[in-house]
Structure formats: structure tokens, C-alpha cells
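So the sequences go chain by chain: A and B. Following this note's numbering, the residues of the first sequence are numbered contiguously, the last one being 476. Following this note's numbering, the residues of the second sequence are numbered contiguously, the last one being 92.
Think of the hints as simulated: they come from the structure by calculation, not from any bench. Cβ atoms here follow ideal geometry from the backbone N, Cα and C, with glycine treated the same way. Among the clues, some could well be false.
Stated by the list, open to error - Residues of chain B clear of chain A, computed beta-carbon distances all greater than 10 angstroms:
1) E62
2) P78
3) D82
Unchecked claim - When the alpha-carbon atoms are kept at most 20 angstroms apart in a straight line, the in silico DMTMM-like pairs for lysine to aspartate or glutamate are as follows:
4) K86(B) with E31(A)
5) K45(B) with E303(A)
6) K60(B) with E412(A)
7) K28(B) with E412(A)
8) K270(A) with D38(B)
9) K413(A) with E75(B)
10) K42(B) with E266(A)
11) K16(A) with D66(A)
12) K92(B) with E266(A)
13) K375(A) with D38(B)
14) K86(B) with E75(B)
15) K87(A) with E75(B)
16) K243(A) with E277(A)
17) K109(A) with D24(A)
18) K86(B) with E334(A)
19) K108(A) with E289(A)
20) K48(A) with E31(A)
21) K80(B) with D336(A)
22) K265(A) with E412(A)
23) K4(B) with D35(B)
24) K260(A) with E227(A)
25) K463(A) with D241(A)
26) K344(A) with E47(B)
27) K88(B) with E334(A)
28) K232(A) with E245(A)
29) K375(A) with E20(B)
30) K88(B) with E296(A)
31) K376(A) with E20(B)
32) K92(B) with E334(A)
33) K87(A) with E71(B)
34) K60(B) with D241(A)
Claimed, not checked - If you only want the chain B side, here are some residues facing chain A, beta carbon under 7 angstroms, derived:
35) R15
36) L26
37) S31
38) I33
39) V43
40) V46
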Amino acid sequence: MDLTELTIRQAHEGLKQKKFTSVDLTKAYLEKIEKEDKEINAYLLVDKEGALEQAKKADEKIKSGDFGLLCGIPCAIKDAIMVEGQKCTSASKILENYIAPYDATVIKKLKEQGVVILGKTNLDEFAMGGSGENSAFGATKNPRDKTRVAGGSSSGSAAAVAGNMACFSLGSDTGGSIRLPASFCGITGLKPTYGTVSRYGLIAFGSSLDQIGPITKNVEDAKIVFEAICGKDKMDATSKDYKFEEFNNLTSVESLKGIKIGVPKEYFTKGIDSNVEKIIKNSIEKAKEKGAKIIEISLPSVEFALACYYIIAPCEASANLARFDGIRYGLSKEADNLLDVYKKTKGFGFGAEVKRRIMLGTYALSSGYYDAYYKKAQEVRQLIKQDFEKAFKEVDIIFAPTSPIPPIKIGEKTNDPLSMYLMDIYTVSLNLAELPGISIPVGKIGNLPVGLQIIANKYEENKILSVALKMENMLQ
Amino acid sequence: MISKQEVLHIAKLARLQLTEKEIENLQKDMSAILDYFDLLKKVPKVEVKTNFLTTANQRKDEVFKDNNVVENLIEQAPSKKDGYIKVKSILK
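Let's have the full structure, built from the sequences with the hints guiding it.
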């Protein structure tokens with residue numbers, strides 16, 4: 001038995017039945033990482049000693065008999081989420097030697113459960129990108145096809161799970177950064193409702209959009225991790241008093257009877273790869289066969305979602321990233337006066353995409369342009385929210401593609417930022433409307449995975465997970 | 001296409017040092033992206049609520065907790081002295 005292929009549930013059962021220990025599991029993953037990751041580049045840091053120590057502790061807890069589902073399970077953490085005492089770089093030169101001064105709330109929660117943290121995973125610098133290629137420490141390759149990208153920005157978190165180099169991982173999603181790489185790597189990624197998971201200890205990108213969530217081998221695992229990390233946190237004022245409750249409206253194991261699934265007509269007009277479209281339509285057809293009612297819906301304002309997102313996110317980023325000025329964190333470039341220290345540090349420390357977004361955001365917020373860009377985008381954001389509110393009066397859940405295209409080749413779009421942004425066309429609306437969504441694998445073009453995005457109203461992760469589980473069962 | 005002067009003006013506001021090559025690339029890339037944003041001109045005029053976020057301000061108690069977070073934070077500053085972060089003088 002290859003221990004690295006197990007899901008959380010399977011590994012937990014194995015630990016319970018004393019078939020293997022957490023140390024065995026951890027060693028199996030560390031060996032796999034050592035063997036495979038030179039090529040994939042999913043990890044920026046592997047904490048061998050720390051992981052084995054945590055595994056030993058978990059084994060003690062397991063011996064006592066009183067332990068939860070995540071105890072002793074090896075995981076990987078996106079390097080934008082702080083783990084105390086470990087480097088946290090956000091894949092940027094500016095934070096190359098930055099040591100996390102405290103645990104993010106999600107890490108605290110996972111540690112309380114007794115997880116084993118194998119290491120920190122690669123990402124697009126400051127989580128800005130859709131391919132993973134914007135990392136200052138090299139792109140992550142897709143384990144399904146090593147000539148292609150893993151998807152971004154949580155590239156390493158997705159590749160680690162897809163390549164069996166972690167049992168599960170945490171990513172963050174500002175405009176699709178969990179769902180897109182999950183889709184590209186053929187695994188499951190859940191972007192929770194804004195506010196259900198604390199952002200404390202996540203290096204900020206777009207604060208009204210950022211959300212931490214799980215990347216896992218299947219839907220059940222996503223649920224297990226989500227339940228462990230959600231809930232109100234006094235350190236994040238935007239976190240909500242949220243408690244996960246089972247969705248009991250779907251009683252039979254297989255059937256989707258009684259569920260109304262909305263399919264936005266705007267998502268199937270132009271720009272979608274015909275093979276992706278075929279696979280998504282096929283899974284919608286399958287849901288129909290299992291008793292779901294399929295309803296065509298319209299989200300007229302989603303046409304503007306991408307433009308809206310690429311104004312709001314860079315605006316927020318330009319404010320959030322102003323703090324990396326060479327005074328309080330990491331890199332500092334010598335200069336004669338304070339202003340030049342700022343300029344030189346940022347100029348040297350940030351990569352091309354981060355600079356592009358800071359410039360875009362600063363432009364959109366600058367005098368004379370604010371009304372045309374930032375204010376307009378906020379209005380559009382409101383319209384998009386209203387579109388979804390209206391849709392959810394009519395349907396329970398929405399099915400959509402996660403990405404319009406299958407995983408791209410490494411280097412394919414690096415010189416064309418706008419065409420790279422277009423990969424986010426189906427994912428950004430959820431962040432703008434604060435909605436939850438999951439991407440699950442539903443088919444392949446050759447060996448390239450295609451993800452289905454399942455979207456629900458706010459705080460209805462339970463509905464998403466329940467429907468996703470049924471889709472997963474029927475497509476296997 | 002946006003001008004070199006505009007790029008330099010924005011870079012100044014953003015306190016970002018750019019190379020000649022970067023300025024050139026940004027002129028090209030920002031222009032293409034800003035052209036795409038023209039799409040928003042198609043958005044119908046709307047009456048929109050001014051409070052864009054549904055989350056209201058929330059306060060938390062400012063209680064100092066004696067753990068080593070403060071020390072850890074200061075430890076990360078590139079230049080420090082006696083538990084304070086050191087910066088260059090602003091006034092001459």
C-alpha cells in the first residue's frame with residue numbers, strides 16, 4: 001500500500017486500526033517529496049525535523065485513543081499563510097528571509113487538531129497570478145503533465161496534493177487561486193464564503209476578497225478540513241459567527257432529486273474551449289439524469305466581472321503592499337534618504353506582475369481616475385451581487401466551468417498579462433459577491449483535467465459539499 | 001497608449017523605482033489592460049448603495065497580551081535599536 005495515496009479519512013482509519021503510525025505516514029510523504037519535488041517545485045520549504053516531531057506527538061495522542069480526524073495527517077501550507085518560526089515568503093524576494101512571528105488562526109486550529117505540517121508551498125508572488133509562474137522562486141509544474149503549469153496562485157498547494165506529496169493543503173483564493181489550480185491539477189478546492197474562515201496571519205492581497213480554504217484529494221476531505229478551520233475569530237473583524245451544519249435535504253446517497261441547478265447562459269457564449277464546454281455540459285446532463293432540475297439562468301453583469309475584479313483587487317493590493325517599504329519587514333535597500341529606501345526596496349524586491357498590479361491600483365485610485373475606475377468598479381460589484389441574489393431565489397445551486405481552458409503550457413501566456421487574467425473569468429465573480437464555490441474534477445481532455453465549479457449562496461458550503469459529493473460519486 | 005510621463009507619475013505615487021525596460025513594458029501592458037476596462041462604459045447607470053461591504057465596522061478591545069509576538073515583530077525589522085525600529089531621519 002502506498003501511504004501517500006490515502007485520503008484523510010483512509011489515513012485516519014489506518015491510524016485508528018494501528019496499520020501504520022503518523023511517523024510512517026510522514027516519512028512516506030517526505031520520501032515522496034525528496035524524490036519528486038526537484039522537478040515539480042511544489043515546496044518552497046520542507047520542514048523534515050519539525051514534521052517528524054509533530055508526527056511523534058500525534059502518535060502519542062493516537063495511542064491515548066482520543067483523537068480527531070486530522071490528528072497525525074501530513075499537510076502542506078501555502079507560503080502566504082504564517083506558521084510561527086518558519087520562513088514565510090509569499091514567493092517574493094522582498095520577504096525572502098522573513099520569519100513568521102506568529103501562527104495564522106487556521107494554523108493554530110490545525111495544530112490543535114494535531115496535524116503534521118510538512119512544509120510551505122509555492123505560489124504566484126503575493127498570490128497574484130493564475131499560472132504559478134509569477135513566483136520569484138520558479139514555476140510549479142503540473143504533476144499530471146509536467147510541461148504545463150499547475151495553475152495559480154496556490155500552485156504548490158495544488159501540485160503537492162495532486163502529486164501525493166501532501167494528504168491535503170491550505171490555499172488562499174482572492175479571484176480563483178484555490179479553484180483554478182485545483183481544476184488544473186484534477187483535485188478538489190473549496191473557496192469558502194467571505195468571513196467563514198479567519199484571515200488572521202494570511203499575507204494580505206485584496207482584503208475584501210481574500211479567503212483561505214482547503215485543497216484536497218476528494219470532497220469529503222474538503223469538508224473535514226473546512227470544518228476544522230472555519231468560525232469566528234476575534235483577530236479578524238470580518239470573520240463571522242459561522243458553524244457548519246449538515247445539509248439534510250438530500251436523503252438518498254445517489255439522487256439529486258429536488259435540487260434546482262442553475263446554469264448561467266453567459267458562461268457558455270465565447271472564449272470557452274469546446275472540449276471544456278463538452279465535459280461541463282456532460283456533467284450537467286449527468287446531474288439531470290440523477291433527478292436534478294436544470295434551469296438556465298442569466299447573470300447579466302458577470303460580463304463586467306473580470307474588469308471589475310482587475311480594478312478592485314489591484315487597488316486593494318496597492319494599499320496592502322505599501323507596507324513592504326524596507327522599514328519593518330525583510331528586505332531593505334540602502335539609500336541616502338528615506339524616500340529612496342522605499343523606492344529602491346520595492347523596485348528591487350517586487351516581481352513584474354506585482355509591480356504591474358501596484359501600478360494599476362495606484363492609477364485607478366489616483367486623482368482624476370478614481371470615479372471612472374474604482375468607484376465604477378464598486379458599483380459593478382454591487383450589480384454582480386444583485387445578479388446572484390436574484391438567481392438564488394430561483395435555484396439552489398449554480399454549475400459553471402472553473403476555467404475556460406485546460407492547463408496551459410509553461411511560458412505560454414507569460415508575455416501577455418491580459419490573456420492570463422482571462423483565465424479567471426469564471427472564478428472572480430464569487431469573490432466579488434463573497435460567495436462560496438468548489439472545483440471538482442469531472443473529466444479530462446487527454447490527460448488534462450477539467451474542473452466543474454459548484455456555487456451556492458453565502459454560508460451554504462454544506463449545500464455545495466453535499467451536491468459535490470454526489471457528483472463525485474456518480475462520475476467515478 | 002499611456003505616456004512615459006504618466007507611468008513615472010504613477011510610479012512616484014506608488015514609491016516604486018522602475019528600470020527603463022520596466023517603464024516601456026508597463027506602458028504597453030497597462031494600456032492593453034486599461035483598454036479592456038473600457039468595457040465598464042457599457043454598464044448601465046445605476047443607483048447603488050454607498051456601503052459596498054455588508055460588514056460593518058467592528059471593534060475589539062485593545063488589550064496588551066504579554067507574549068513574544070511584539071518581540072518577534074520587531075526582530076523582523078532590518079534596522080533596530082533597544083527594542084525599537086530604526087528609521088532614517090526625515091527632518092534635517
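Results of checking the hints against the structure:
no. : hint                 : result
1   : E62                  : holds (12 angstroms)
2   : P78                  : violated (4 angstroms)
3   : D82                  : holds (16 angstroms)
4   : K86(B) with E31(A)   : violated (44 angstroms)
5   : K45(B) with E303(A)  : holds (15 angstroms)
6   : K60(B) with E412(A)  : violated (47 angstroms)
7   : K28(B) with E412(A)  : holds (18 angstroms)
8   : K270(A) with D38(B)  : holds (19 angstroms)
9   : K413(A) with E75(B)  : violated (40 angstroms)
10  : K42(B) with E266(A)  : holds (16 angstroms)
11  : K16(A) with D66(A)   : holds (10 angstroms)
12  : K92(B) with E266(A)  : violated (60 angstroms)
13  : K375(A) with D38(B)  : holds (14 angstroms)
14  : K86(B) with E75(B)   : holds (12 angstroms)
15  : K87(A) with E75(B)   : holds (13 angstroms)
16  : K243(A) with E277(A) : violated (35 angstroms)
17  : K109(A) with D24(A)  : violated (23 angstroms)
18  : K86(B) with E334(A)  : holds (13 angstroms)
19  : K108(A) with E289(A) : violated (43 angstroms)
20  : K48(A) with E31(A)   : holds (10 angstroms)
21  : K80(B) with D336(A)  : holds (18 angstroms)
22  : K265(A) with E412(A) : violated (29 angstroms)
23  : K4(B) with D35(B)    : holds (17 angstroms)
24  : K260(A) with E227(A) : violated (25 angstroms)
25  : K463(A) with D241(A) : holds (18 angstroms)
26  : K344(A) with E47(B)  : violated (43 angstroms)
27  : K88(B) with E334(A)  : holds (10 angstroms)
28  : K232(A) with E245(A) : holds (15 angstroms)
29  : K375(A) with E20(B)  : violated (32 angstroms)
30  : K88(B) with E296(A)  : violated (61 angstroms)
31  : K376(A) with E20(B)  : violated (32 angstroms)
32  : K92(B) with E334(A)  : holds (18 angstroms)
33  : K87(A) with E71(B)   : holds (16 angstroms)
34  : K60(B) with D241(A)  : holds (15 angstroms)
35  : R15                  : holds (4 angstroms)
36  : L26                  : holds (6 angstroms)
37  : S31                  : violated (10 angstroms)
38  : I33                  : holds (6 angstroms)
39  : V43                  : holds (6 angstroms)
40  : V46                  : holds (6 angstroms)
In summary, the numbered hints that this structure violates are 2, 4, 6, 9, 12, 16, 17, 19, 22, 24, 26, 29, 30, 31, 37.
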